[in-house]
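Asks: Those sequence lines, one after another, are chains A and B. The first sequence begins at 1 in my numbering and counts up by one. The second sequence begins at 1 in my numbering and counts up by one.
Treat the hints with caution; some may be incorrect.
What the hints assert, rightly or not - A short list of chain A residues far from chain B (calculated; beta carbon distances all over 12 Å):
| # | residue |
| --- | --- |
| 1 | D109 |
| 2 | Q110 |
| 3 | E180 |
| 4 | A202 |
| 5 | A258 |
| 6 | D259 |
Unchecked claim - Straight-line alpha carbon distances no greater than 25 Å define the calculated DMTMM-like cross-link-like pairs of lysine to aspartate or glutamate that follow:
| # | chain 1 | residue 1 | chain 2 | residue 2 |
| --- | --- | --- | --- | --- |
| 7 | B | K236 | A | E180 |
| 8 | A | K176 | B | E37 |
| 9 | A | K274 | A | E92 |
| 10 | B | K114 | A | E308 |
| 11 | A | K188 | B | E138 |
| 12 | B | K126 | A | D259 |
| 13 | A | K188 | B | D248 |
| 14 | B | K114 | B | E235 |
| 15 | A | K160 | B | D128 |
| 16 | A | K188 | B | E118 |
| 17 | B | K43 | B | E235 |
| 18 | B | K114 | A | D190 |
| 19 | B | K114 | B | E138 |
| 20 | B | K236 | A | E92 |
| 21 | A | K221 | A | E206 |
| 22 | B | K114 | A | E99 |
| 23 | B | K63 | B | E235 |
| 24 | B | K98 | A | E103 |
| 25 | B | K126 | A | E180 |
| 26 | B | K63 | A | E308 |
| 27 | B | K43 | B | E118 |
| 28 | A | K105 | A | D205 |
| 29 | B | K63 | A | D310 |
| 30 | B | K63 | B | E118 |
| 31 | A | K188 | B | E144 |
| 32 | A | K125 | B | E118 |
| 33 | B | K43 | A | E308 |
| 34 | A | K176 | A | E99 |
| 35 | A | K188 | B | E235 |
| 36 | A | K274 | A | D97 |
Hints are computed from structural coordinates only; laboratory data are not their basis. In this text, a Cβ means the ideal position worked out from N, Cα and C, and glycines have one as well.
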Amino acid sequence: MGAPPRGRPCLRACSVPSRAEPSRSRRMPGPRALLGLGLLVAAGVRAGGRCPNRGWDRSWDRDRERCRPHRAMHGPNAGSGPRGLRFLGQDEAQAIDQELFTEYKFSVDQLMELAGLSCATAIAKAYPPSSFTTSQPAVLVVCGPGNNGGDGLVCARHLKMFGYQPTVYYPKRPNKPLFEGLTTQCQKMDIPFLPEFPAEAALIDELYGLVVDAIFGFSFKGAVREPFGSILSTLERITVPIASIDIPSGWDVEKGKADGLQPDMLISLTAPKKAAMHFAGRYHFLGGRFVPAALQEKYTLNLPPYPETDCVLQLT
Amino acid sequence: DRERCRPHRAMHGPNAGSGPRGLRFLGQDEAQAIDQELFTEYKFSVDQLMELAGLSCATAIAKAYPPSSFTTSQPAVLVVCGPGNNGGDGLVCARHLKMFGYQPTVYYPKRPNKPLFEGLTTQCQKMDIPFLPEFPAEAALIDELYGLVVDAIFGFSFKGAVREPFGSILSTLERITVPIASIDIPSGWDVEKGKADGLQPDMLISLTAPKKAAMHFAGRYHFLGGRFVPAALQEKYTLNLPPYPETDCVLQLT
């Protein structure tokens, strides 16, 4: 097949193990997850339906989309995460978000900073600068009109601190101090903001080794407004990997989008959403290590333990 | 003109952590100027940088004092928070320590009436981090209950006399035997000259860049944290920061 085209990270050089060789230190369930497993097994198998994705027999709790312990995966390519990990519906995701702000009194600044840092960290683990075939580890960060775009701006800034060369495209910017501040931070760090989106997929492949999709997040509903429809059409044709923040943009937050964006990486923030059950890329990371234990329990998130002080957890 | 470690000398003194060659130790005015520039020129918010700073502190602590190293049944940590931003760093640190599996307890006697600090306090309380109604009366009690104390009382803006209740608190802390991890400046020390008869922390987490006081630091662990200083600012102030490893938010200097 020959060498990968210029601009792409060399897919073989990546130091992150492939799914065929899971890293034990990352995958071994901790005592809490094993306890959960024991309880689930003890509770027995409930009569139920079939896995909607693959038709495998599985028992499920109809109220909660849950992976039962006797099945390792949803399907050959979908990352399903460790046993018991819950995939949230859109309403739940919004409820948890609201509770973090109204009950726990987190500020958007705080959580966005931790979220964006997670994204940059996950990217650096899966696509280290040394894996890029371009002379510089060039990354295009496409930021949407809301909080997902803000996560992207934070991510771009931390990527710069980690030695990448990010470029941002940010066509619709909210008139709010938070987003103005994030933009200034990037600009003052010499992160270029493109005046227009690259006209063709081939140009993106030429210039960048990775694209960060920070367009739409878990609040996305309805139709895609311009310019994002055109942008997504172009992104659907690039060959360099795409890392999506929280939800592959354009996907229904619960049902996915079979003919939509096909990212290589997904960084689920807080907890994965149901759309992640349709994710078929190589890398699924969990980020946003800020969910208090009481909130995890209230929503039965069943999050696996993060390793040591890492702010990300590799699920697949 | 610049307090700089020259390449031919490995250390400032027998015990002081001096860090890599060329690393600059800042005076108080410089430290304040850099801080101001981050907020006024780069438009960072205090929330953002405090979150990254506190996360650095918790990370450094977890690297040097992992939960498994505690001899108490729980990895119990006392976080003493002062009346300003250093105290805020301590609150963020406490919260991340909780996420990392520690059992932090906070003492926070003087709380600013500002949404930032009220929010940080609520976050800790909602995470079941206890706030002591009074400071442990004796050093021996601290040694009994906690395996580590985080000193988040005074930072790089500290000047002049120590007001109560912090004078009494520092007197007690000077007598404990469990390790102390100080955030940015060992509290009570002059930010440039140190304090020979003051607190003797085992760990110092210098934020952004070490201050001159760090030249007098004699503990075992000196970490750099606050991985948010843009390259242009590093160059402007000739910080000569060594590179952080990979995606780590802390760098161990000694």
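Asks: Compare the structure with the hints numbered earlier in the document and write down the numbers of the violated ones, lowest to highest.
Replies: 1, 2, 3, 10, 11, 12, 14, 15, 16, 18, 19, 20, 21, 23, 25, 28, 30, 31, 32, 33
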